[in-house]
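Let chain A serve as the given structure and place chain B on it in line with the hints.
So the protein lines, in turn, are chains A and B.
Here the first sequence stands for residues 210 to 386, where the numbers follow our numbering.
Here the second sequence stands for residues 424 to 632, where the numbers follow our numbering.
When the alpha-carbon atoms are kept at most 30 Å apart in a straight line, the in silico DSBU-like pairs for lysine-lysine are as follows:
1. K464/B <-> K437/B
2. K535/B <-> K276/A
3. K368/A <-> K560/B
4. K615/B <-> K560/B
5. K437/B <-> K471/B
6. K471/B <-> K560/B
7. K220/A <-> K276/A
8. K560/B <-> K220/A
9. K368/A <-> K464/B
10. K615/B <-> K604/B
11. K560/B <-> K604/B
12. K276/A <-> K437/B
13. K615/B <-> K471/B
14. K437/B <-> K220/A
15. K615/B <-> K368/A
16. K368/A <-> K535/B
If you're looking for bench data, these hints aren't it; they were derived computationally from the structure.
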Amino acid sequence: MLLQLFLTFLKIGFVSFGGGYAVIPLIQFEVSEYGWLSNDEFQSTVALAGMAPGPIATNTATLIGFKTSGAAGAMAATAGIVLPSLLIIVTLATLFFRVRHNSLVRSSFYGLRPIVTGLIVYAALHFGFLGNGEVAVTWSSIGTLIICGLSLLLLIRYKLHPLLLILAAAAAGIVLF
Amino acid sequence: MSNERRRLIIDLFKAFFQIGPSTFGGGYAMLPVIEREIMVKRGWMDEKEMADMISLSGSAPGGVGVNAAAFIGYRKAGVPGAAAAVIGITLPTFLIVILLSVFYLMFHDHEKTQAALQGIQGAVIALILLAAYRMAKQSVFDISTAVMMASAVIILVVFPISPIYMIGFGILAGIVFIQIKRWIGLSIQTEKEIVVNATPQSYSPEYYI
Chain A
210 MLLQLFLTFL KIGFVSFGGG YAVIPLIQFE VSEYGWLSND EFQSTVALAG
260 MAPGPIATNT ATLIGFKTSG AAGAMAATAG IVLPSLLIIV TLATLFFRVR
310 HNSLVRSSFY GLRPIVTGLI VYAALHFGFL GNGEVAVTWS SIGTLIICGL
360 SLLLLIRYKL HPLLLILAAA AAGIVLF
Chain B
424 MSNERRRLII DLFKAFFQIG PSTFGGGYAM LPVIEREIMV KRGWMDEKEM
474 ADMISLSGSA PGGVGVNAAA FIGYRKAGVP GAAAAVIGIT LPTFLIVILL
524 SVFYLMFHDH EKTQAALQGI QGAVIALILL AAYRMAKQSV FDISTAVMMA
574 SAVIILVVFP ISPIYMIGFG ILAGIVFIQI KRWIGLSIQT EKEIVVNATP
624 QSYSPEYYI
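Excised from the complex, chain B in its bound form:
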């Protein structure tokens, strides 16, 4: 490995190590920070690559921040670069979570700790609902998508099946619905039309796939 490449890999690690803890709320909250650090400050990517990166990170399974790190690391320095970037973005939050957990174990018998956590539970439900609403704005735009979403909720509430099957079911349902639409000659639209803005800040729907 050349010295230059080794330095690049270390830089990737450092850059993502800094990005990791700076964003609460995870995922899309990280994108503007990644954009500033990677595109503006370091010039590692241009806008076209950024847009590609965001569409891939949002579509692939996994957290969008981790995916973005893997993609940028891979583009810059191959598999070692991807690994360095992913470890860089994961390590700080990993340590923070362990620290929180240790505090929790120290104080969890305390009455007020339980009360605080129960309060936080209410806030987390609100954050989940908001994420669901934002995701729905992107993904539910016709009758079949609305039916698929509602049936997913009903099936999960009524039957004790593993949610993992729902992912497979979704892929299958999408292919079947589109095929049926094609047969009966309905117009086919697989994505909500998105008005593309030129400003980089514009691609920040909370959930994107």
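Okay, chain A solo, but in the shape it has when bound:
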């Protein structure tokens, strides 16, 4: 189990272009493949990961490891998702500056960037509305939508700090649901 956690997050770590939110669908896919968490559990895990400092993808990995096999699992999953960064950076530290103007490298990133954007859009859709299979109009989905809309307003218009936003949303959740 520990090895499986480590290897799964190692694999995710190697392709986690775009860092945080783009990686959430990748993690969710693997988690449901292995049946580690239910959809509801996954959603509360990501919400919890958003409350802590640091990259949301790494935090999610830590939480999933902890939930499935305790502290050792948390270490295995975190090491798995962080290790590729270390390896790749050490390898690329010198090479990258020689190849970054190479036309093949530039072409790759030309395609990679919009796809990663697509992954982030999908993460929002999936995490918010498609995760439970069907889109249902219920009090809780309307409430989530209202909180989401207000959060966007606060983030863009008033540049609210993400931590304050999370706390405000938690309070709003307690009032609404």
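Below, chain B without anything else, positioned relative to chain A:
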């Protein structure tokens, strides 16, 4: 290992251990803090190296904060330095996450805990949407990039394929599109033109690759 090098490795660990918990929202929120601690306070890097570091950390897979730590650690003290910096930046958030998880397990049967988490879910969706919008501003600037982004979303929604394949698909699509453009003689632009500002605060798009 000389004493001096050992001290440097311990310093790297300490510096990134302090940086780790100080930023919520991860990634690019960390960069100004790294800049202040590493460049201004400790003088470990100059502005040119900082700019290189940011472009590499943003392009490589993984969180930008962890990548930045690995890069700076490696430049200062080789592989042990990189490892020390990465452990330093990861450890505090790791402990905070475990602590949160323990609290959650203690209170998760409580009705209000679930309600609070559901509220947070709304906020996280907003944060993801904002990240998508910022990333789109950098990455979608012509018809083919718009088509690639839209098809990525549609494919992921319609087909149950692993999102990992989309990464490979993106690299392939980029190479093919540029090649086709070259054949039919269209002008080629692989990046949105970025107006480079001299101030260090200016390179902070939320997502960068």
